[in-house]
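Asks: Produce the entire structure from the sequences given, and follow the hints as far as they go.
The sequence shown maps to residues 51 to 411 in my numbering.
The set of hints was computed from the structure by calculation and includes no laboratory data.
Glycine included, each C-beta is placed from N, C-alpha and C at the ideal position.
Mixed in with the good hints, there may be bad ones.
[Claimed, not checked] In silico EDC-like links for lysine to aspartate or glutamate, alpha-carbon gap of 16 Å or less:
id, residue 1, residue 2
1, K67, D119
2, K67, D120
3, K104, D408
4, K330, D251
5, K204, D214
6, K142, E126
7, K305, E395
8, K204, D183
9, K107, D70
10, K204, E395
11, K142, D153
12, K305, E336
13, K330, E179
14, K67, E177
15, K142, E266
16, K107, D408
17, K305, E266
18, K305, E292
19, K330, D408
20, K204, D182
21, K142, D265
[Said to hold, decoys possible] Using C-beta positions, here's what the derived DEER-type ranges look like:
id, residue 1, residue 2, range
22, Y303, P388, 20 to 28 Å
23, E177, D354, 30 to 38 Å
24, E292, T267, 21 to 29 Å
25, V390, K67, 18 to 26 Å
26, G125, A83, 32 to 40 Å
27, K204, P384, 42 to 50 Å
28, D64, E395, 12 to 20 Å
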Amino acid sequence: MKHTLSTSGLSPDDFRKEIDGTEITLQVLRNAAGAELSVTNYGAKIVSLMVPDKDGKLVDVVLGHANIDDYLHSGEPTFGATCGRYANRIAKGRFTLDGVVYDQLAINNGPNSLHGGLRGFHFRAWEWERIDDQAIRLSYTSADGEEGYPGEVKASVTTRLTDDNAVVLDYEATTTRPTVINLTNHSYFNLSGEGNRSVGDHLLEINADHYLPTDETAIPLGPLAPVEGTPMDFRAPHTIGERIGEPFQQLIYGKGYDHCYALNRAGDGLTLAARCRSPKSGIRMETYTTEPGVQLYTANWLSDSIIGKHGHPYPERCAFCLETQHFPDSPNRPEYPPTVLRPGETYRSQTVYRFSADGQA
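Replies: Structure (structure tokens):
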């Protein structure tokens, strides 16, 4: 009989596999309040996240798989993943840096390059170091030229589960040559619990007056646009499903929300990106980040054919993502916040997902 380690029912035995010479494991972090976070070093992925609901019952609020083989063959390889070297899209798989054209990025999303290419960071085996019962540091060295990007990049993400039920993600990276970098976590959240078939009832608020409209291939058209007067406006709480079916061209292009919001910022530190609440569970999530933007994605391309933990099918719009990041296609947009990393510099970014529930402080 397999030993079950996690409260969410995951067994470490089901994650043991050697990939690219690295042993894949499942690491379980627990805090003093009883919340639990499970992480695998395959793709530096969050596999499960158990937080208390309004009745104090632990609920798994992220989508994912119960074993490594399902991750290797998943219809959605970004469940819970750390995406890089460049999260989101780069138009036509090319950019120019210091006068040099880099045009060998994989075209893996329509005519564009998405999430670092055919084997971005979410397909890689990361080294891991357990810091303590509540934190783990995952690291990966991306070779010079990997997926068409210049420079050897050493990247890490330190993941901590705090005693006040927050997941803190600290990213760092260095490079041997000038390159571009944009790291994010791609967790799919359902605050009613993974396996619930819709997040349409979730109340969402985003701290942004502007967003980036895109063309039909999800590449930004250029200038920021005001959210005011459009179904993109989440400055006051709206349910995710309230306006998602409106005949608004941006929603038609993406089959729902799949857009980067330019956050209202007062400085360089952590700022509120978004708040979300499930009326079913009473679970609330606040997202804070040092990044300039957050990509709202409403799982528009999932389907019942994707089977997750506990045999749950994951249909379209059964989750939402809040991917804190720099803007898509920034390497081709000098007017956007820069994503260039040079030798001698250290890329640093922090994101916090903080959880509470109705009746809690």
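Asks: Confirm or reject the claim that G125 and A83 have a C-beta distance inside 32 to 40 Å.
Replies: Given about 34 Å between the Cβ atoms, the range holds.
Asks: Are the Cα atoms of K305 and E336 separated by 16 Å or less?
Replies: Cα-Cα ~25 Å, so violated.
Asks: Using the Cβ atoms, figure out if Y303 sits within 20 to 28 Å of P388.
Replies: Given range 20 to 28 Å: holds, Cβ gap about 26 Å.
Asks: With 12 to 20 Å as the target window, see if D64 and E395 comply at their CB atoms.
Replies: violated (40 Å)
Asks: Cβ-Cβ distance between E177 and D354: within 30 to 38 Å?
Replies: Since the Cβ atoms of E177 and D354 sit about 36 Å apart, the hinted range of 30 to 38 Å holds.
Asks: Holds or violated: K204 and D214, Cα atoms, limit 16 Å.
Replies: violated (31 Å)
Asks: Could you grab the alpha-carbon distance between K142 and D153 and see if it respects the 16 Å cut-off?
Replies: holds (8 Å)
Asks: Decide if the proposed pair is consistent with the structure: K204 and D182, CA atoms, cutoff 16 Å inclusive.
Replies: violated (22 Å)
Asks: Mind checking the alpha carbons of K67 and D119 for me, to see if they're no more than 16 Å apart?
Replies: holds (9 Å)
Asks: So the hint says 21 to 29 Å: do the beta-carbon atoms of E292 and T267 match that?
Replies: Once the Cβ atoms are compared, 26 Å apart, the range 21 to 29 Å for T267 and E292 holds.
Asks: Quick one, are K305 and E266 close enough, alpha carbons at most 16 Å?
Replies: holds (11 Å)
Asks: Given the hint that K67 pairs with E177, test it: the Cα-Cα distance must not exceed 16 Å.
Replies: holds (13 Å)
Figure legend: structure checked against the earlier numbered hints; hints not met, in rising order: 5, 6, 7, 8, 9, 12, 13, 20, 25, 27 and 28.
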